[in-house]
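With chain A held as given, fit chain B onto it using these hints.
In the order they appear, the protein sequences are chains A and B. Sequential numbering from 1 applies to the first sequence in this note's numbering. Sequential numbering from 1 applies to the second sequence in this note's numbering.
Because the hints were derived from the structure by calculation, they are not lab data. Among the hints, erroneous ones may be present.
[To be verified] Restricting the straight-line Cα-Cα distance to at most 35 Å, the calculated cross-link-like pairs of lysine-lysine (DSBU-like) are:
no.	chain 1	residue 1	chain 2	residue 2
1	B	23	A	22
2	B	91	A	22
3	B	91	A	441
4	B	23	B	90
5	A	281	A	441
6	B	91	A	452
7	A	452	A	281
8	A	441	A	452
9	B	23	A	452
10	B	91	A	253
11	A	446	A	281
12	B	90	A	452
13	B	23	A	446
14	A	281	A	253
15	A	441	A	253
16	A	22	B	90
17	B	23	A	281
18	B	90	A	441
19	B	90	A	446
20	B	91	B	23
21	A	253	A	22
[What the hints assert, rightly or not] Here chain A is said to cover these stretches of chain B; the calculated rule only asks that three of the stretch's residues, wherever they fall, bring their Cβ under 8 Å from a Cβ of chain A:
no.	segment
22	6 to 19
23	22 to 35
24	38 to 49
25	52 to 63
26	66 to 78
27	81 to 91
[To be verified] Which stretches of chain A does chain B cover? Using the computed rule of at least three CB atoms under 8 Å from a CB of chain B, they are:
no.	segment
28	81 to 88
29	328 to 341
Here the structure is a predicted model, which means the values were calculated and not measured. From the three backbone atoms N, C-alpha and C, an ideal C-beta is built for every residue, glycine too.
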Amino acid sequence: MSPVLINTIYIIAAALFIFGLKQLGSPATAVRGNLLSAVGMFLAVVVTLFSRGILEFQWIAAAAAVGAIIGAIAAQRIAMTSMPEMVALFNGSGGIASLLVGWAALYNVGNTLFTIITILLSILIGAVTFSGSIVAWGKLSEVMPSQAIVFGAQRIVNALILVALIYCGVMFAMEPTLNSPYFFAVIALSLIFGVMVVIPIGGADMPVVISLLNSYSGLAACAAGFAINNNILIVAGALVGAAGIILTNIMCKAMNRSLANVLFSGFGAVKTATKVEGEVKPMTAEDAYLILEAASTVSFVPGYGMAVAQAQHVVRELGELLEANGAEVTYAIHPVAGRMPGHMNVLLAEANVPYDQLVEMEDINRRIENVDVAVVIGANDVVNPAAREDENSPIYGMPIINVDHARTVFILKRSMASGFSGVDNPLFFGENSRMLFGDAKESISKVIAEFKI
Amino acid sequence: MEAVFLAFVLMLSIFLGFELISKVPSTLHTPLMSGANAISGITLVGALGSAGAGIDLWATWLGAVAVAFATINVVGGYLVTNRMLAMFRKKDDKQGGQA
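One chain only, chain A, in its complex shape:
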């Protein structure tokens, strides 16, 4: 096939990606959008196979078969609660693929200095995406400690790695031979750098990291596109890179922090919140039932704890019982609840909660005074009034769901430990707060049982 024809089909593929992303932005068209984008990918891959440059197919067939089987099985088997880990791993595999494409491009004859630089960039970004995603996966699946790992000389070590990276990169660019030790040093340093970038970022900040790594995986593909002079890689990679940056920005805004602040400071490293003291008011499932039974508006506020307890199905069941009882039921979702952007939405969708019952933070805050019962399930920081009131709190300034303004707040909590960031939460001592201790799933099941008597 001629290069002109191939590039024409790449243009069609790019258009399909653009339409696909556009349609992914609305619930009504999202399924079609994903399909369009998949068709674009299929076209781009098939037409590439017919290009003149491809002479051998045996390796391609074997590798693609292995990849397709692994990808398909992973996509089918993964539990919705483990979605953040899965997305991290997919990001990582895209990153390492771009690294390898950049590396293989070294073997092309007649590389210019510009090409060498783009090869180095695709290796740097690809490696950071890969090792960063592996660390993110480790933290999310709790293979490694999920808190921020911070040590004194961290910034100095990072700066040294960067300097060494630039030095090796320059040395390699001056004399780009296939077996240059500087080249392998760049790969190794980039991988280490990826680890260093992600370890100081802790549990509750994970949504930022995941969307940032998503952006990097696009930028890595984009750099690889420059290395091999391929338009479709540049266009598609840049689209993904830009989309990831926007999501990252939304996450940062939802925490009232700058990206630099998330990346370079471990959570709660500097400030210590004013300790709040007070008495919590525990209640039994029966008390909860009596209050809920009389309520006419109920809003559930889920957090990561709901995912851990796998409580989304019982929450939906309770929601349906309350609706049958004549109450108006909503689910209020904070943008950074959970461990990735939109985590709670996916879990509730899995439990068959219609998406029009999910309300965003601004909407629920506008009418929170009229909510009879706000049920907080495994959320902590995103409902912590200290973010509004206590200037010493590390999360001061973060927009929260003002559940403390609801008429009654139920807080489902395993025990009286503080949330992820170690911040004391004055909500627990509020006048209108009632604590329901125990596993969220069991607690809700008990309330449901009361309804059914």
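Just chain B, lined up with the frame of chain A:
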């Protein structure tokens, strides 16, 4: 000149990406992310070129491993996005899938 032309394409694509995504309801953040992630598997196209060109055995190997990883990204990414989106439904739409 070629590099300048590619940089031009890059700049336009980035602006387009910003415009496309700027208003997305938070319900769709996860599917959007995994859908975009699948698109970043476009690096597969580059990997195919390296794996099939037959220039050098080592380059072929690098390309083949890249093909495997990129295919995981593409196939897994699109399937998992589709699986998630199939669960989103509107009220009184008991079937799901359409949403």
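A quick look at each hint next to the structure:
1. Taken as a hint, the residue 23 of chain B and residue 22 of chain A pair is honoured in the structure, with Cα atoms around 10 Å apart against an allowance of 35 Å.
2. Note on residue 91 of chain B and residue 22 of chain A: the hinted pairing holds, with a Cα-Cα distance of about 24 Å set against a maximum of 35 Å.
3. Between residue 91 of chain B and residue 441 of chain A the CA atoms are separated by roughly 24 Å; this keeps the pair inside 35 Å, and the hint holds.
4. Taking the CA atoms of residue 23 of chain B and residue 90 of chain B, the gap is about 20 Å. The hint holds against a cut of 35 Å.
5. The straight-line distance between the Cα atoms of residue 281 of chain A and residue 441 of chain A is roughly 20 Å, inside the 35 Å bound, and the hint therefore holds.
6. For the suggested pair residue 91 of chain B and residue 452 of chain A, the alpha carbons sit about 24 Å apart, so the restraint of at most 35 Å is met.
7. Proximity of residue 452 of chain A to residue 281 of chain A is assessed by CA-CA distance (about 26 Å); at most 35 Å being required, the pair is judged to hold.
8. As the CA atoms of residue 441 of chain A and residue 452 of chain A are separated by approximately 17 Å, the hinted pair is consistent with the 35 Å bound.
9. Pair hint residue 23 of chain B plus residue 452 of chain A does not hold up; C-alpha atoms about 42 Å apart against a cutoff of 35 Å.
10. Distance hint between residue 91 of chain B and residue 253 of chain A is fulfilled; the C-alpha atoms sit about 30 Å from each other, no more than 35 Å.
11. Of the pairs offered as hints, the one joining residue 446 of chain A and residue 281 of chain A holds, with about 19 Å between alpha carbons and a cut-off of 35 Å not exceeded.
12. A C-alpha spacing of about 27 Å is found between residue 90 of chain B and residue 452 of chain A, which places the hinted pair at or below 35 Å, so the restraint holds.
13. Annotation: proposed proximity of residue 23 of chain B to residue 446 of chain A is violated, straight-line Cα distance about 40 Å (limit 35 Å).
14. A hinted pair counts as satisfied when its Cα atoms are at most 35 Å apart, and residue 281 of chain A with residue 253 of chain A qualifies at roughly 33 Å.
15. Between residue 441 of chain A and residue 253 of chain A the CA atoms are separated by roughly 31 Å; this keeps the pair inside 35 Å, and the hint holds.
16. As the CA atoms of residue 22 of chain A and residue 90 of chain B are separated by approximately 20 Å, the hinted pair is consistent with the 35 Å bound.
17. For a cut-off of 35 Å, the pair hint linking residue 23 of chain B to residue 281 of chain A is broken: about 41 Å separates their Cα positions.
18. Note on residue 90 of chain B and residue 441 of chain A: the hinted pairing holds, with a Cα-Cα distance of about 25 Å set against a maximum of 35 Å.
19. A threshold of 35 Å between alpha carbons decides the hint, and for residue 90 of chain B with residue 446 of chain A the separation of about 28 Å falls inside it, so the pair holds.
20. With a CA separation close to 23 Å, the supplied pair residue 91 of chain B and residue 23 of chain B stays within the 35 Å bound.
21. Proximity of residue 253 of chain A to residue 22 of chain A is assessed by CA-CA distance (about 22 Å); at most 35 Å being required, the pair is judged to hold.
22. With a threshold of 8 Å between beta carbons, the proposed coverage of the segment 6 to 19 of chain B by chain A holds, since 9 of its residues qualify and at least three are required.
23. Residues of the segment 22 to 35 of chain B lying with their CB closer than 8 Å to a CB of chain A number 14, which satisfies the three-residue condition for coverage.
24. Remark: the segment 38 to 49 of chain B is confirmed as covered by chain A, as 12 of its residues place a Cβ nearer than 8 Å to a Cβ of that chain, reaching the required three.
25. Interface restraint, the segment 52 to 63 of chain B with chain A: holds (11 residues with C-beta to C-beta distance below 8 Å; minimum three).
26. With 13 residues having a beta carbon nearer than 8 Å to a beta carbon of chain A, the segment 66 to 78 of chain B meets the requirement of three or more and the stated coverage holds.
27. Taking a C-beta to C-beta cut-off of 8 Å, the segment 81 to 91 of chain B contributes 11 residues in contact with chain A, enough for the three needed, and the coverage statement holds.
28. With 3 residues having a beta carbon nearer than 8 Å to a beta carbon of chain B, the segment 81 to 88 of chain A meets the requirement of three or more and the stated coverage holds.
29. For the segment 328 to 341 of chain A, the proposed coverage by chain B is satisfied: 4 residues have a C-beta within less than 8 Å of a C-beta in that chain, meeting the threshold of three.
Taken one by one, the earlier hints fail for this structure at numbers 9, 13, 17, listed in ascending order.
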